[in-house]
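Trainee: Sequence:
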Amino acid sequence: MRKLFSAIFIFFLWLPLVLLLFFVYHQEESSAEEHQENASRVAVGMTTEQVLEIMGPPQEKYKSEKSGDSVYVYETPILGYDNVEVYLSPMRVVVKVKEVGKP
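Position 40 of the sequence shown, counting from 1, maps to 46 under the numbering used here, and the rest follow consecutively.
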């Protein structure tokens, strides 16, 4: 009876948990690949609206220390991919796209 309970416990609790973790990881990996593809489409000279249309809202926005330009930071969920920083001029035009390695 005890072995039967253990088998049922393993089957109905651990198996779904393992499957759930697999699908969550796979989904994050595919979204990270999509993120990198979108980042490669961002180019110097694009407007802020075009960047937001391609990449979506950034995870972080701040002002650049040197020139007062805005910087949009897009982070990836997987460690194997780089984050992307998009530098915007005061006229809201992309002046630089930089891939930043994760720490």
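Simulated from the structure, these hints should not be mistaken for lab results. Some clues are possibly wrong.
[Said to hold, decoys possible] Restricting the straight-line Cα-Cα distance to at most 27 Å, the calculated cross-link-like pairs of lysine-lysine (DSSO-like) are: (1) Lys102 with Lys69; (2) Lys67 with Lys102; (3) Lys67 with Lys9; (4) Lys69 with Lys104.
[Stated by the list, open to error] Taking CB as the label site, the calculated pair distances span: (5) Val24 with Val101: 25 to 35 Å; (6) Phe18 with Ser95: 15 to 25 Å; (7) Pro63 with Lys102: 49 to 59 Å; (8) Pro63 with Lys104: 49 to 59 Å; (9) Phe28 with Val50: 56 to 66 Å; (10) Ser37 with Lys69: 27 to 37 Å.
Note that CB positions come from ideal geometry on N, CA and C, so glycine has one too.
Trainee: A separate judgement is required for each hint: does it hold in the structure or not?
Mentor: So, going through the hints one by one against the coordinates:
1. A hinted pair counts as satisfied when its Cα atoms are at most 27 Å apart, and Lys102 with Lys69 qualifies at roughly 14 Å.
2. Distance restraint check for Lys67 and Lys102: the Cα-Cα separation of roughly 15 Å lies within the 27 Å cut-off, and the hinted pair is therefore satisfied.
3. A C-alpha spacing of about 56 Å is found between Lys67 and Lys9, which places the hinted pair above 27 Å, so the restraint is violated.
4. Straight-line distance between C-alpha atoms of Lys69 and Lys104 comes to about 15 Å, which keeps the hinted pair within the 27 Å bound.
5. Judged by the Cβ atoms, the range 25 to 35 Å given for Val24 and Val101 is violated: they are separated by roughly 47 Å.
6. In this structure the supplied range 15 to 25 Å is violated for Phe18 paired with Ser95, their Cβ-Cβ distance being about 57 Å.
7. At about 20 Å, the beta-carbon gap between Pro63 and Lys102 misses the expected band of 49 to 59 Å.
8. Evaluation of the 49 to 59 Å hint for Pro63 and Lys104 yields a failure: the beta carbon distance comes to about 19 Å.
9. Between Phe28 and Val50 the Cβ separation comes to about 39 Å, which falls outside the hinted range of 56 to 66 Å.
10. Range check, Ser37 to Lys69: Cβ separation about 28 Å, and the 27 to 37 Å hint holds.
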